[in-house]
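Asks: Got chain A sorted already, so can you dock chain B onto it with the hints?
As given, the protein sequences belong to chains A and B, one line each in that order.
Numbering-wise, my numbering comes out as the position in the first sequence, counting from 1, plus 69.
Numbering-wise, my numbering comes out as the position in the second sequence, counting from 1, plus 77.
Watch out, some of these pointers could steer you wrong.
[Stated by the list, open to error] Cut-off 16 Å, straight-line C-alpha distance, at most; resulting in silico cross-link-like pairs (EDC-like, lysine to aspartate or glutamate):
hint: 1; chain 1: B; residue 1: K164; chain 2: A; residue 2: D119
hint: 2; chain 1: B; residue 1: K85; chain 2: A; residue 2: E204
hint: 3; chain 1: A; residue 1: K77; chain 2: A; residue 2: E140
hint: 4; chain 1: A; residue 1: K142; chain 2: A; residue 2: D157
hint: 5; chain 1: A; residue 1: K197; chain 2: B; residue 2: E98
hint: 6; chain 1: A; residue 1: K77; chain 2: B; residue 2: E181
hint: 7; chain 1: B; residue 1: K113; chain 2: A; residue 2: E208
hint: 8; chain 1: B; residue 1: K85; chain 2: B; residue 2: E181
hint: 9; chain 1: A; residue 1: K77; chain 2: A; residue 2: E91
hint: 10; chain 1: A; residue 1: K197; chain 2: B; residue 2: E100
hint: 11; chain 1: B; residue 1: K113; chain 2: A; residue 2: E204
[Claimed, not checked] To be clear about the criterion: a stretch of chain A counts as covered by chain B if any three or more of its residues have a C-beta under 8 Å from a C-beta of chain B, and this derived list gives those stretches:
hint: 12; segment: 80 to 87
hint: 13; segment: 103 to 113
hint: 14; segment: 123 to 134
hint: 15; segment: 174 to 182
hint: 16; segment: 185 to 198
Source of the hints: derived by calculation from the structure; they are not laboratory data.
What you are looking at is a predicted structure, and each value in this text was computed from that prediction instead of being measured.
Ideal Cβ placement from N, Cα and C applies to all residues, glycine included.
Here's the letter readout for the chains.
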Amino acid sequence: MRFMVIRKADEESEAGVLPSAELLEAMGRYNEELVKAGVLLSGEGLMSSDRGALVTFSGGTVTVTDGPFAEAKELVAGYSILDVGSLDEALEWVRKWPVEDGHGNAEIEILQVHEAEDFGHVSEENRKYVGDVRELADEK
Amino acid sequence: MRFMVMVKADANSEAGVLPTEDELVAMGRYNEELVKAGVLLAGEGLHPSSRGARVTFAGGQPTVIDGPFTEAKELVAGFWLIDVKSKAEAVEWVKRVPCTDGVEASIEIRQVFEADDFGDAFTDELREREEQLRLTTKKDA
Numbered sequence: 070m071r072f073m074v075i076r077k078a079d080e081e082s083e084a085g086v087l088p089s090a091e092l093l094e095a096m097g098r099y100n101e102e103l104v105k106a107g108v109l110l111s112g113e114g115l116m117s118s119d120r121g122a123l124v125t126f127s128g129g130t131v132t133v134t135d136g137p138f139a140e141a142k143e144l145v146a147g148y149s150i151l152d153v154g155s156l157d158e159a160l161e162w163v164r165k166w167p168v169e170d171g172h173g174n175a176e177i178e179i180l181q182v183h184e185a186e187d188f189g190h191v192s193e194e195n196r197k198y199v200g201d202v203r204e205l206a207d208e209k
Numbered sequence: 078m079r080f081m082v083m084v085k086a087d088a089n090s091e092a093g094v095l096p097t098e099d100e101l102v103a104m105g106r107y108n109e110e111l112v113k114a115g116v117l118l119a120g121e122g123l124h125p126s127s128r129g130a131r132v133t134f135a136g137g138q139p140t141v142i143d144g145p146f147t148e149a150k151e152l153v154a155g156f157w158l159i160d161v162k163s164k165a166e167a168v169e170w171v172k173r174v175p176c177t178d179g180v181e182a183s184i185e186i187r188q189v190f191e192a193d194d195f196g197d198a199f200t201d202e203l204r205e206r207e208e209q210l211r212l213t214t215k216k217d218a
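Excised from the complex, chain B in its bound form:
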């Protein structure tokens, strides 16, 4: 089963503070461990919300609001997509994320939908079309 592991934003990430060289290397080593265990599917870091936007649909009508957005802890600063056997295994991996002593960090773990989870609404035809799409986009999945 797949889990999305999201690092929540904080004042530093929202201020655009980049990881130091040491932090980046520590994260690289952690990612290397995930790769060697066959667990890591994808991962990205995100810019602060000042470079982003929100689109709110109400009654089908979109309204665009430019960032930044105020509540850092509601925002995502980066994520991993991992493939593990259980939520407990996901939690074990997340406990080992390199977080320097004294640093506060909040990491959310969420299970990813698989085709089988959608039941009959996801007809054979729709599933086939989605599989084709995934093949086309797979290069960066």
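Looking at chain A on its own, in the form it has when it is part of the complex:
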């Protein structure tokens, strides 16, 4: 099963403070461990929300609001996708998160990723269609 591990934003990430060489190295080592264990599928860091936007759909109307957005702790600063046997295994990995990050004060959220089998109520034909589109994207 796959889990999305989300590093929540904080004041520094929202202020555009870039990771130090020390943090980049610690994160690289952590990711290397994940890769060696065959657990890491992907991961990215996100720029502060002032480079982003929010698109809201309401009653058929679309509204675009440019960032920044106020509540840093509600925002995502980065993520990884892990392939593990259980939520507990994901938690074991997250407990080893580099202490260099956020000066030892970081919030990480773990959410389970949907798999095709979760959509048992959808016809086989349409599940195959959605799977085919995914394969096309994966080829890129």
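Replies: Structure of chain B alone, referenced to chain A:
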């Protein structure tokens, strides 16, 4: 440049309501358009936070809190990773996400860091190691 496009959770997604067959097909068609335009890199849907957890580090010490978490609008219900020329192009794509009339949805667009953005702190050696890691993990990127 790459953008992460996140669909915010709402009461329905947090209640574990799955998309209907029609909604799933509409999303499939939208994704197919993104693929044909060479824009889509990855995308996933997420389970409600009741199946997740949070780990809070304070002074290096982790505390684990099991889901669910109360503020649905702070949570992510799904995402796309897209490769486009500008934020404006990302916004144009997001405006076309299939949202049935009358449905409320909130979608956040955030720019993804590239190696060049980290400056000198990201030394040549670190960059090389990261590139190797990405090659190993690329199959599902």
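Asks: If a hint holds in the structure, say so; if it does not, say that too.
Replies: Against the structure, the hints come out as follows:
1. B:K164 with A:D119: 11 Å, holds
2. B:K85 with A:E204: Violated - the C-alpha atoms of A:E204 and B:K85 are around 25 Å apart, more than 16 Å.
3. A:K77 with A:E140: Roughly 11 Å between the alpha carbons, so the hint for A:K77 and A:E140 holds.
4. A:K142 with A:D157: 24 Å, violated
5. A:K197 with B:E98: Within the cut-off at roughly 12 Å; holds.
6. A:K77 with B:E181: Given pair A:K77, B:E181 is violated - Cα atoms ~24 Å apart, limit 16 Å.
7. B:K113 with A:E208: With a Cα-Cα distance of about 12 Å, the restraint between B:K113 and A:E208 holds, given a limit of 16 Å.
8. B:K85 with B:E181: 10 Å, holds
9. A:K77 with A:E91: With Cα atoms ~20 Å apart, A:K77 and A:E91 exceed 16 Å; violated.
10. A:K197 with B:E100: 15 Å, holds
11. B:K113 with A:E204: 12 Å, holds
12. 80 to 87: violated (count 1)
13. 103 to 113: Since 6 is at least three, the answer is holds.
14. 123 to 134: holds (count 9)
15. 174 to 182: It holds, with 9 qualifying residues against the three required.
16. 185 to 198: Coverage by chain B holds for the segment 185 to 198 of chain A (7 residues, Cβ < 8 Å).
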